[in-house]
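Chemist: The primary structure of each chain is shown beneath.
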Amino acid sequence: QITLKESGPTLVKPTQTLTLTCTFSGFSLHTSGVSVGWIRQPPGKALEWLALIYWDDDKRYSPSLKSRLTFAKDTSKNQVVLTVTNMDPVDTATYYCVHSSNVMAFGVFDYWGQGTLVTVSS
Amino acid sequence: DIVMTQSPDSLAVALGERATINCRSSQSVLNSSNNKNYLTWYQQKPGQPPKLLIYWASTRESGVPDRFSGSGSGTDFTLTISSLLAEDVAVYYCQQYHSLPWTFGQGTKVEIK
Numbered sequence: 027q028i029t030l031k032e033s034g035p036t037l038v039k040p041t042q043t044l045t046l047t048c049t050f051s052g053f054s055l056h057t058s059g060v061s062v063g064w065i066r067q068p069p070g071k072a073l074e075w076l077a078l079i080y081w082d083d084d085k086r087y088s089p090s091l092k093s094r095l096t097f098a099k100d101t102s103k104n105q106v107v108l109t110v111t112n113m114d115p116v117d118t119a120t121y122y123c124v125h126s127s128n129v130m131a132f133g134v135f136d137y138w139g140q141g142t143l144v145t146v147s148s
Numbered sequence: 003d004i005v006m007t008q009s010p011d012s013l014a015v016a017l018g019e020r021a022t023i024n025c026r027s028s029q030s031v032l033n034s035s036n037n038k039n040y041l042t043w044y045q046q047k048p049g050q051p052p053k054l055l056i057y058w059a060s061t062r063e064s065g066v067p068d069r070f071s072g073s074g075s076g077t078d079f080t081l082t083i084s085s086l087l088a089e090d091v092a093v094y095y096c097q098q099y100h101s102l103p104w105t106f107g108q109g110t111k112v113e114i115k
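If you read the sequences in order, they're chains A and B.
For this note's numbering, count along the first sequence from 1 and bump the result up by 26.
For this note's numbering, count along the second sequence from 1 and bump the result up by 2.
Hints were generated in silico from the structure; no laboratory data involved.
Hints are not guaranteed to be accurate.
[Said to hold, decoys possible] Each computed DSS-like pair below joins lysine-lysine, with the alpha-carbon atoms no more than 30 Å apart: (1) 47/B with 31/A; (2) 31/A with 53/B; (3) 71/A with 99/A; (4) 115/B with 99/A; (5) 115/B with 85/A; (6) 38/B with 103/A; (7) 71/A with 47/B.
[What the hints assert, rightly or not] Computed Cβ-Cβ distance ranges for the label pairs, DEER-style: (8) 102/B with 57/A: 39 to 49 Å; (9) 102/A with 10/B: 27 to 37 Å; (10) 76/B with 92/A: 27 to 37 Å; (11) 82/A with 101/B: 13 to 23 Å; (12) 128/A with 68/B: 44 to 54 Å; (13) 43/A with 10/B: 14 to 24 Å; (14) 100/A with 75/B: 21 to 31 Å; (15) 19/B with 89/A: 34 to 44 Å; (16) 84/A with 115/B: 45 to 55 Å; (17) 7/B with 93/A: 40 to 50 Å.
On a predicted model such as this, the values are computed, not experimentally measured, just so you know.
All residues carry an ideal CB built from backbone N, CA and C; glycine is no exception.
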């Protein structure tokens, strides 16, 4: 059974860096064809894809946020870590960790974490 | 970026009646090499993460009731709930995975009339 769980601060100040951790189980990022990503959702608004990391450490980022995002994996801990620099109130959102694989297709998000709400405020 | 536009933004449907949600992409999401449409549908209930319903525009995810169906090709797609149940009240999103960045529609809220 695949599960993902996000963790990190619930409140950050403007200009600070946000670090989010996703701890997953039921699969391994050692396995060919597997990936983990991040999607966010501002309160009452639509979903926005942010980033994806593949089993081979290849990474893809949303162009609109690429300069502010860093994505890394710790395969031994079954974790991935996303950092977002220079946080702004418009970055207030629920951040979801998601699973995607080539069983369906990369970009099809078949498992989601419960999400973590991050508020940006001074 | 491919822009995904859903219509309507919200709809109210009586229990047992059909609900139809439309999704249009600004570019075709059909891959001519495999004849597949790179389009998914998700359901999001209040306070929950989205749940995958349909991928390849018309393939139901395992466990999804057959009252949910997807259709369309190229740039125009439809999600149909054939007979609405109370548990189907949710916001529905389409998403394209044809081209990076992967993008979502703005969502359609389905309520009971």
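Chemist: If a hint holds in the structure, say so; if it doesn't, say that too.
Modeler: Outcome of the hint check:
no., hint, result
1, 47/B with 31/A, "holds (18 Å)"
2, 31/A with 53/B, "holds (15 Å)"
3, 71/A with 99/A, "holds (28 Å)"
4, 115/B with 99/A, "violated (47 Å)"
5, 115/B with 85/A, "violated (45 Å)"
6, 38/B with 103/A, "violated (36 Å)"
7, 71/A with 47/B, "holds (13 Å)"
8, 102/B with 57/A: 39 to 49 Å, "violated (22 Å)"
9, 102/A with 10/B: 27 to 37 Å, "violated (48 Å)"
10, 76/B with 92/A: 27 to 37 Å, "holds (29 Å)"
11, 82/A with 101/B: 13 to 23 Å, "holds (21 Å)"
12, 128/A with 68/B: 44 to 54 Å, "violated (26 Å)"
13, 43/A with 10/B: 14 to 24 Å, "violated (40 Å)"
14, 100/A with 75/B: 21 to 31 Å, "violated (41 Å)"
15, 19/B with 89/A: 34 to 44 Å, "holds (41 Å)"
16, 84/A with 115/B: 45 to 55 Å, "holds (47 Å)"
17, 7/B with 93/A: 40 to 50 Å, "violated (27 Å)"
The structure shown violates the earlier hints numbered 4, 5, 6, 8, 9, 12, 13, 14, 17.
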